[in-house]
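Engineer: Each chain, written out:
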Amino acid sequence: MTRTKSLLKVPVVMVALALLYLGLIAGFSHNPYYMQILNMAAINTIMAVSLNLINGFTGQFSIGHAGFMGVGAYVAAVCSVFYKIPYLVALLCGALAAAVVGLVVGIPTLRLKGDYLAIATLGFAEIIRVIIVNIQKVGGPRGFLGIPPYTNLLWTYLFAVGTVVVISNFVNSSPGRACLAVREDEVAAESMGVNATKYKVIAFVMGAFFAGLGGGLLVHLLSIAHPTMFTFLKSVDFLIMIVVGGQGSITGSVTAASFITVISEALRKFEVWRMLAYSLVLIMIMLTRPQGLLGGKELTWEGIVNVPGRLRRFRLPKVGGGRVGTTGH
Amino acid sequence: MLEVKDLNVFYGGIHALKGITFSVREGQVVTLIGANGAGKSTTLRAISGLVKPRSGEITFMGQNLLQVPAHKIVSLGVSHVPEGRRIFANLTVLENLEMGAYTRKDKNLDEDLKRVFKRFPRLEERRRQVGGTLSGGEQQMLAIGRALMLKPKLLVMDEPSMGLAPLLVREIFSIIKEINEQGTTILLVEQNAHMALSIADYAYVLETGRIVTEGPAEELAKSESIRKAYLGH
Ligand SMILES: Nc1ncnc2c1ncn2[C@@H]1O[C@H](COP(=O)(O)OP(=O)(O)O)[C@@H](O)[C@H]1O
Ligand SMILES: [Mg+2]
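Protein sequence lines, in the order shown, are assigned to chains A and B. Counting in our numbering, the first sequence runs from 1 upward without gaps. Counting in our numbering, the second sequence runs from 1001 upward without gaps.
To be clear, the hints were calculated from the coordinates, so they are not data collected in a lab.
Which bits of chain B does chain A cover? Going by a derived footprint, with three or more residues having C-beta under 8 Å, they are: (1) 1058–1072; (2) 1080–1092; (3) 1100–1108.
Lysine-lysine pairs mimicking DSSO-like chemistry, simulated, CA-CA at most 30 Å apart: (4) A:Lys297 - A:Lys113; (5) B:Lys1153 - A:Lys198; (6) B:Lys1107 - B:Lys1118; (7) B:Lys1151 - B:Lys1005; (8) B:Lys1151 - B:Lys1177; (9) B:Lys1018 - A:Lys113; (10) B:Lys1114 - B:Lys1177; (11) A:Lys113 - B:Lys1072; (12) B:Lys1114 - B:Lys1151; (13) B:Lys1105 - A:Lys198; (14) B:Lys1052 - A:Lys198; (15) B:Lys1118 - B:Lys1153; (16) A:Lys137 - A:Lys234; (17) A:Lys297 - B:Lys1114; (18) B:Lys1072 - B:Lys1151; (19) B:Lys1018 - B:Lys1072; (20) A:Lys297 - A:Lys234; (21) B:Lys1072 - A:Lys198; (22) B:Lys1151 - A:Lys198; (23) A:Lys198 - B:Lys1107; (24) B:Lys1005 - B:Lys1018; (25) A:Lys198 - A:Lys234; (26) B:Lys1052 - B:Lys1151; (27) A:Lys113 - B:Lys1052; (28) A:Lys113 - B:Lys1105; (29) A:Lys234 - A:Lys269; (30) A:Lys234 - A:Lys84; (31) B:Lys1222 - B:Lys1018; (32) B:Lys1118 - B:Lys1151; (33) A:Lys297 - B:Lys1107.
Values in this document were obtained by computation on a predicted structure and should not be read as measured data. Beta carbons: idealized from backbone N, C-alpha and C, even for Gly.
Just chain A, same shape as in the assembly:
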C-alpha cells in the first residue's frame, strides 16, 4: 500500500540529511560558529515541521508558534536552573507545559470556524512575552542567564529526527487522515463523521508540544533565554519556512528550515535588510510557486533520482499528473 511506502520515505530522507550534517560537522567541527548554525538549523526544523502540522496539514492558521517556544524555553530553563532537574526531563517539562497552554488556547478557539485561531495565537504570544518580562525571578526584561549549556548537535539532531518521525507517522495514521480531511473541507469531514474540533485540537496541541521542545533545546544551547527571542517576528520566521517549503510537506519544511537558517545567518550583517529580503523572497514565491517549493509533495529517493527525467519532461508543453488544487464546486 502507498501508506507504508510513504512511511519508509521520510526516514530515507532523514538519513540523507544526517549524512549531509555529518559531512558538514566533519568540515566545520573546529569552528563553533558553524556548529551553532547547524544546531539552529535542527531546532528550526523542529519548529517548522511542528507548525506545518497545524497550518499545513490541518489547515488552521496559527501565527504564535514562537509563543509556545517561549513557554517551553522558560519552563525548561526554570527546571534546570532552580530545580536542578536532569536536562532531558527539563526539556520534557517545557514541552508538556507548552502543550497544556496549547490546549487552553486551542479548545475555545478551534471550536469556531474561521480565523479566530490566528487572532488568539497572536494575542497569546504577546501575553506570554509580557508575563515573562514581568517575572523578575527569570530575569524579566534582562533575560534569564546562566542556563546550563547541555544542548549539543547530538541532541538537536536526534530531536529533529524524532519530531519528523513522530509527525510524519501521525500524518499518515488514521487521525492524521482526519486532519487532512478537515483541512480539505471541514464541513465535508464532519459529514463523514470526523469530529473536526477534536482533530484540530490534537494537531494544535502536538504542534505546541514540539514547539516547547524546540524552545527548551534553544535556551540550553545559548545559555540564555530572553523575551525578545520569542516575539511575533520569530513566529513569522517559522511561517516563512513552511510557506517556502510548502504547506503540507514535511521534507519541504526540513529543507526550508535548514536553508533559511543558513541564509539568514549569512545576511546577519545586513540585519535591517533581512526583513526586506524575506518579503521579496516571499513575494517571488507567491508569484511563481504559491504552493511553496515542494507544494504538498515529499522529497523521495525516486524523486531525486528522477530529476533529470523530470527536467526533460518539463520542456514538453504538457506536464501530466500531480496534485492540483482545484476545489469540487
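Let chain A serve as the given structure and place chain B with the ligands on it in line with the hints.
Structural biologist: Frame of chain A; chain B with the ligands shown alone:
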C-alpha cells in the same frame, strides 16, 4: 424511520424553516422539491447536525437526533451527500472513499471498495487520480460512493443533479434508484422536480420555509399546479 416535526431554523434574523413536518418511511425514496432558497439544504443540514434548529424534533429510528453531534449522527447510519459534492479535492479517489468509511470500526474496506467500484467503474479507473481533477459527473459519483462506504441506513442527498448535463443526470438518478432497490432508504432534495418525482415514492413541496403540498410522487407529477410551478408544462 425519520420523523421531522415542526422544525424551525434561523440564520441570524432569517427564518429559514418555518415549522416543517415530514417523515421518511423505511425502504422508500422520499423527495423534497422546491425552488432555490426554499430551505431544502437547511432541512438536510439540520438532520445531519450541521445547523442547530431553534425548535422542533428530529427522530431517527426512535432516537432524538438533536442531542447528537454531527460526527456521531453518521455512525447512527445517516450519510449525507452534501450540496456541491464537497469531495476532498487534493486527496485521491481511493483516499476519498477511505475517508467515507472513517467512522467504521472494522477497517476491512476491500469488499466495500469493490462494491462501490462495481457500481462506478469509472471511479476504479481513476482510483489514483486526485478528486479535484475529476469531471462534475465523476465527482458526484465519488460523493455518492464515499457516502456508500458507510453502508448507511438512510442516504441523504442534496441536489445530485446540480450542474450536470441531462444525460449524466439521468445516469445518476438511475443509480440512486438502484441503490434504493438494494435496500437503502433515500431522502432526496432536488430543484429538478421532474427527475426527482420520476424515481421517488413520496414527495413534499417546500416553498420559502414551509411545506405547501405533499403526496405520492406519481400524483404530484400529474397535479396541474405542480406541473405549472415546477415542471414547466
Ligand atoms: N449560512 C447561511 N446564512 C444565512 N442565511 C442562509 C444561510 N444558508 C441559507 N440561508 C438562507 O436560508 C434560506 C434557505 O436556504 P437553503 O436551505 O440553502 O435553500 P435551498 O437549498 O432550498 O436552495 C435562504 O433564504 C437562504 O438565503
Ligand atoms: Mg440548496
